Amino acid sequence: MTVLSIRSQDFEISRRVEEFQNVVAAITKVDFVPDDQNSFTSETSIGVLQNLIVGYGRHSASTAFRTPGHAAETADNVMFHIPISGICSIEQRGGERTELRPGLVYADPGEVPGVIRFHGEPTEGFYVSVPRVHLSDATLGLNAMLRGTAPLTAQWRLFFSYARSLHEELAILAPEEAEQCATHVQDLALMALGATKEAAEVAAGRGVRAARLKAIKADVDRHLTATDLTADAIAGLHGVSPRYLRSLFEREGTSFGDFVATRRLALAYRMLSDPRHAGSNIARIALSAGFGDLSWFNIRFRRVYGMSPKDVRALSRLR
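So that you can map any letter, position 92 of the sequence shown is 92 in the UniProt record's numbering, and since no number is skipped, the others follow by simple counting.
Rather than coming from a laboratory, the hints here were simulated on the basis of the structure. Hints may be right or wrong, so weigh each one.
As the list claims (entries may be wrong) - So the derived label-pair ranges between C-beta atoms look like this: (1) Val33 x Thr227: 36 to 42 angstroms; (2) Gly253 x Ala218: 16 to 22 angstroms; (3) Glu252 x Gly94: 23 to 29 angstroms; (4) Val33 x Ser247: 26 to 32 angstroms; (5) Val48 x Leu294: 47 to 53 angstroms; (6) Thr139 x Val3: 28 to 34 angstroms.
Given the structure is predicted, the values throughout are model-derived calculations rather than measurements. For every residue, glycine included, the Cβ atom is placed at its ideal position computed from N, Cα and C.
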């Protein structure tokens with residue numbers, strides 16, 4: 001896997017636009033033409049895996065041209081554009097000019113020439129490129145969407161959030177983990193496009209489950225110290241049943257309660273090791289980390305870390 005970063009500000013000022021254009025054309029197969037060469041800014045971060053490309057871009061007013069020559073060099077992929085902020089428009093051969101705003105997703109057949117126009121203030125967007133062969137189980141939905149937009153439904157939001165998380169964490173993932181996540185992204189695309197019944201069942205049991213669990217874990221971390229952090233409460237936030245939520249954790253060989261306890265213990269450990277909390281007694285730290293029972297906290301802490309909270313605090317003072 002490869003992570004690439006292209007930023008206009010990294011090029012020498014006198015030749016910034018020309019050198020930037022050469023690099024972008026070689027890597028992304030588009031010709032970038034800024035409205036104003038003096039104020040032009042652009043940054044792109046691309047993660048390249050064997051069967052997936054994920055990327056983020058932020059551009060000032062400019063136009064990107066995919067010429068017939070560039071299109072001929074492009075693999076048979078479908079690129080999904082998800083605007084984050086600002087407005088841009090896209091027009092491809094065989095299609096109409098389409099305005100892209102946040103809340104929409106556009107399906108771009110990569111082998112088709114076209115023009116993307118970034119308007120006004122810097123425009124932010126995310127994109128995911130998937131080999132068409134991996135979308136064959138949703139051909140009808142894909143063909144209906146090509147060169148057009150669809151609302152960012154719950155299924156597309158799952159696709160977007162999971163792909164964006166993969167992009168952010170790609171540099172620290174082991175290759176086999178990254179490729180497994182790429183499969184999950186493909187599954188989520190199939191679900192959003194309306195896969196065949198058989199394919200949807202496989203995708204739901206793999207990609208959708210992984211994306212939901214990731215989102216649920218993130219919400220646990222956001223509400224970690226809340227006294228009302230329960231499976232019922234988190235399930236309600238995600239529109240699933242508590243039973244389904246618990247089954248997601250059970251498939252990982254743990255439980256919702258054990259996951260919450262582990263995250264809270266890790267928080268308590270960090271606080272005990274942090275000089276800024278040296279004035280707080282252990283009971284207060286346990287309470288701040290979300291524990292209501294001090295004796296249970298002490299037992300669980302020793303079981304996980306092999307030492308008492310008091311030992312951890314004493315050890316941190318010796319460093």
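Right, here's what the structure says about each hint:
1. Val33 x Thr227: 36 to 42 angstroms: violated (56 angstroms)
2. Gly253 x Ala218: 16 to 22 angstroms: Holds: the Cβ-Cβ distance is about 20 angstroms, inside 16 to 22 angstroms.
3. Glu252 x Gly94: 23 to 29 angstroms: violated (45 angstroms)
4. Val33 x Ser247: 26 to 32 angstroms: violated (52 angstroms)
5. Val48 x Leu294: 47 to 53 angstroms: Taking Cβ atoms as reference, Val48 and Leu294 lie about 50 angstroms apart, which means the hint holds.
6. Thr139 x Val3: 28 to 34 angstroms: Cβ of Thr139 to Cβ of Val3: about 31 angstroms, so the range 28 to 34 angstroms holds.
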